[in-house]
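J.: The residues making up each chain are set out below.
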Amino acid sequence: VSSESSPQAEAVSVAGKQLYKTLQVTTEENITTIRLNRPEKKNAISIVMYNEIMQALEEAAKDESTITVITGTGDYYCSGNDINNFTMIPPEGIEKMAKDSAQLLKNFVLHFIDFPKPLIAVVNGPAVGVSVTLLGLFDAVYATDRATFHTPFSQLGQSPEGCSSYIFPKLMGSAKATEVLSFNKKLTAREACDLGLVTEIFPDASFQKEIWLRLRGCAKLPKMSLVYAKQLSRGPEKEKLYAVNIQECERLEERWLSEDCRNAIAKFFTSLYST
Amino acid sequence: VSSESSPQAEAVSVAGKQLYKTLQVTTEENITTIRLNRPEKKNAISIVMYNEIMQALEEAAKDESTITVITGTGDYYCSGNDINNFTMIPPEGIEKMAKDSAQLLKNFVLHFIDFPKPLIAVVNGPAVGVSVTLLGLFDAVYATDRATFHTPFSQLGQSPEGCSSYIFPKLMGSAKATEVLSFNKKLTAREACDLGLVTEIFPDASFQKEIWLRLRGCAKLPKMSLVYAKQLSRGPEKEKLYAVNIQECERLEERWLSEDCRNAIAKFFTSLYST
Amino acid sequence: VSSESSPQAEAVSVAGKQLYKTLQVTTEENITTIRLNRPEKKNAISIVMYNEIMQALEEAAKDESTITVITGTGDYYCSGNDINNFTMIPPEGIEKMAKDSAQLLKNFVLHFIDFPKPLIAVVNGPAVGVSVTLLGLFDAVYATDRATFHTPFSQLGQSPEGCSSYIFPKLMGSAKATEVLSFNKKLTAREACDLGLVTEIFPDASFQKEIWLRLRGCAKLPKMSLVYAKQLSRGPEKEKLYAVNIQECERLEERWLSEDCRNAIAKFFTSLYST
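Residue numbers (this note's numbering), protein chains in the order written: chain D, 1 to 275; chain V, 1 to 275; chain H, 1 to 275.
Hints were generated in silico from the structure; no laboratory data involved. Warning: the hint list may mix true and false statements.
Straight-line Cα separation of at most 27 Å, BS3-like style, residue types lysine-lysine; simulated pairs [what the hints assert, rightly or not]:
| id | chain 1 | residue 1 | chain 2 | residue 2 |
| --- | --- | --- | --- | --- |
| 1 | D | K267 | H | K186 |
| 2 | D | K99 | H | K240 |
| 3 | H | K62 | H | K267 |
| 4 | D | K223 | V | K106 |
| 5 | D | K220 | V | K209 |
| 6 | H | K106 | V | K240 |
| 7 | D | K223 | V | K186 |
| 8 | H | K240 | D | K238 |
| 9 | D | K106 | H | K185 |
| 10 | D | K223 | V | K185 |
| 11 | D | K240 | V | K223 |
| 12 | D | K238 | V | K106 |
| 13 | H | K186 | D | K186 |
| 14 | V | K62 | D | K220 |
| 15 | V | K223 | H | K106 |
| 16 | H | K186 | V | K223 |
| 17 | D | K209 | V | K185 |
| 18 | H | K186 | V | K220 |
| 19 | V | K186 | D | K209 |
| 20 | H | K238 | D | K106 |
| 21 | D | K238 | V | K223 |
| 22 | V | K223 | H | K267 |
| 23 | D | K185 | H | K106 |
| 24 | H | K240 | D | K240 |
| 25 | H | K185 | V | K223 |
| 26 | V | K238 | H | K106 |
| 27 | H | K240 | V | K240 |
| 28 | V | K223 | V | K42 |
| 29 | H | K267 | D | K186 |
| 30 | V | K220 | H | K117 |
| 31 | D | K223 | V | K223 |
| 32 | V | K238 | H | K21 |
| 33 | V | K209 | H | K62 |
| 34 | D | K220 | V | K185 |
| 35 | V | K238 | H | K62 |
| 36 | H | K238 | D | K96 |
| 37 | H | K185 | D | K240 |
DEER-style ranges, computed between Cβ atoms [stated by the list, open to error]:
| id | chain 1 | residue 1 | chain 2 | residue 2 | range |
| --- | --- | --- | --- | --- | --- |
| 38 | H | K62 | V | L213 | 51 to 57 Å |
| 39 | D | K240 | H | D100 | 57 to 63 Å |
| 40 | D | P203 | H | A205 | 34 to 40 Å |
Glycine included, C-beta positions come from ideal geometry on N, C-alpha and C.
All chains should be built: construct the whole structure from the sequences, respecting the hints.
T.: Here it is, written out as structure tokens:
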């Protein structure tokens, strides 16, 4: 986790803007961009990054921008929860770690449920775990054709989060959602687009050019019309999303303490450090 | 709006049938067809037409027909709300106009939520605005491959109606619905079909022949089986649809009085009359 | 219905396992397979089979297996409700038969709503009626490309069951669901897959080989992760599914006594025995 205090990450902060260790945040032409900025860790979400994303979303909600974009630096969009988070066991023991992690995740997902403006993912490469499940709470998802979408929860003895246990079956039906959420199927960009998880895919070579052009156009639209359209859609779903989020996090707290999960994580680290 | 009293529109009325200024309504072979009949206005929905459609739906609900079809005369299916409706400002001022328009729209959409028989759209050409959003309340939508589907709400500073803020994300997911409802994406017939908004598309050359043959077959099925199948599906959704409709109309009342919307409409008329 | 007591059906029962007349039930490599075993009747569901499927599901829910599979013996997956069920009129008359049938169906569907493990359909051939509508309550559906999916309810004066009046529109939208549930459209395997009813289709020649290989892999995953993932998704839907099931069965009880339905069934038997 040494990269979190690397000069590279802080160098991009500008006057008047919050300094982030794991993110690059900019606001230009009505677009606030939150860039996950741990490329050497494939933008895995450390505990610091969870907290910084929440803070960046709170600020983006209040700033003058019309739309907010999340994207990644480097080849990966995001490799999901940083598995090193599981190694930081507090003196109170593993139960405390599971409890704190569930609390952090619940609060993190809540920031996506409640985000008031159009929230757009620019998926610049592979997406894993929580960075995939959260996409169901975005308003639009644009992806390079190089992107893949993978949620290997059951392989790790875990269970779905990010409201995906509710949103994915609603979006694609149980027959497709089970393969993704339970049977560890890795989706190509095309498959994710056909299932409705992704709005549109672009050839990798022209992705960055095309997508920012497109988004700058969207960001010129009357802001309140976009905000209200989102409010109308999201509003009636909120109570259900809150409830789902709580249930998913309670379940994960139990999972993290289970034999299934602990064995899977131990196996992961063994394979990592034995080579 | 002179066309509304044209002899052409009234000529088709028959004895015992309601006389309509903006519609042609017929009942044949168990099919009641409500034809939007202002081709010179691309079947834009004037205030008279809103009221006449409601009356025609009330009568179709009670008549002997098995299914009810809505289609358009001429090249367009429907160009949406007649923007001239915004020019008829009552003596009480623009607030009164916004209030009355919201009330009219709410009542109009209610007639689609509550319509008890299979309601089928025969989309004979481009569809715009409320004529697109309402399709989510139809039971089947057949379209010529020449049709397009466009809801440029945010461009006009407005917000979605026709329960589309609820039905479109439910149907196609947020990732696709945002492009349609917020980012003004115009869908081709093929795209609308892939997103589930349209049941099936037909080559324009054979559309009229094929679709009426098909519908005459459907209209021979046991009527009550069709009515009850719709009742089972629609019933549990009604309370939610009522609530969404109210929220959308309240929001539009606010939108119509907003700077965003008034500027956009003024710009529209300026461009219209300055050429 | 003579086949129900044929030696062929009982021959496959093994020691310690429930003896079934209409099913073959096995548990191997963490998979419990419930095989509909009346190939000479295209696996039509007789009253005995309804009861045996419920019992097999109750046992599968409790056994050590990780996933449960339903499939059919022979060329058909299942031809739906055995129409001979309608000929067994009790002394109390047809009203009693309709009441008992509705009660049986309600209880049967309830077993699918409440089934706690991943429930997977291996659709080895054509599927008709209730065997299609129930697929919405499965977690994954794999089909040979030879399969078709047909729910000709309205043709028989009936109405949808198996919670399909709720699940099908939710899955594919009203525009597609009406064709299937009300207009008797027979779906190809490809169409059913595109609509989200089927997870994936396979060439018939390699179907059996590929699918069991795949399923054996799924059955090795941590069991509780799969169970909890299903619980998270199904849990918040259960109350709605219970209510839909009750309404559908009440409606069918009325339908079975209607002229529409009785005429259609009489016509069916006339055509059957007049050739």
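J.: So, for every hint listed, does it hold in this structure?
T.: How the hints compare with the structure:
no.	hint	verdict
1	D/K267 x H/K186	violated, 48 Å
2	D/K99 x H/K240	violated, 32 Å
3	H/K62 x H/K267	violated, 44 Å
4	D/K223 x V/K106	holds, 25 Å
5	D/K220 x V/K209	violated, 44 Å
6	H/K106 x V/K240	holds, 26 Å
7	D/K223 x V/K186	holds, 20 Å
8	H/K240 x D/K238	holds, 18 Å
9	D/K106 x H/K185	violated, 44 Å
10	D/K223 x V/K185	holds, 17 Å
11	D/K240 x V/K223	violated, 37 Å
12	D/K238 x V/K106	holds, 24 Å
13	H/K186 x D/K186	violated, 31 Å
14	V/K62 x D/K220	violated, 48 Å
15	V/K223 x H/K106	holds, 25 Å
16	H/K186 x V/K223	holds, 20 Å
17	D/K209 x V/K185	holds, 19 Å
18	H/K186 x V/K220	holds, 18 Å
19	V/K186 x D/K209	holds, 22 Å
20	H/K238 x D/K106	holds, 24 Å
21	D/K238 x V/K223	violated, 39 Å
22	V/K223 x H/K267	holds, 18 Å
23	D/K185 x H/K106	violated, 34 Å
24	H/K240 x D/K240	holds, 13 Å
25	H/K185 x V/K223	holds, 17 Å
26	V/K238 x H/K106	holds, 24 Å
27	H/K240 x V/K240	holds, 13 Å
28	V/K223 x V/K42	violated, 33 Å
29	H/K267 x D/K186	violated, 50 Å
30	V/K220 x H/K117	violated, 43 Å
31	D/K223 x V/K223	violated, 47 Å
32	V/K238 x H/K21	violated, 44 Å
33	V/K209 x H/K62	violated, 57 Å
34	D/K220 x V/K185	holds, 15 Å
35	V/K238 x H/K62	violated, 38 Å
36	H/K238 x D/K96	violated, 33 Å
37	H/K185 x D/K240	violated, 34 Å
38	H/K62 x V/L213: 51 to 57 Å	holds, 53 Å
39	D/K240 x H/D100: 57 to 63 Å	violated, 37 Å
40	D/P203 x H/A205: 34 to 40 Å	holds, 35 Å
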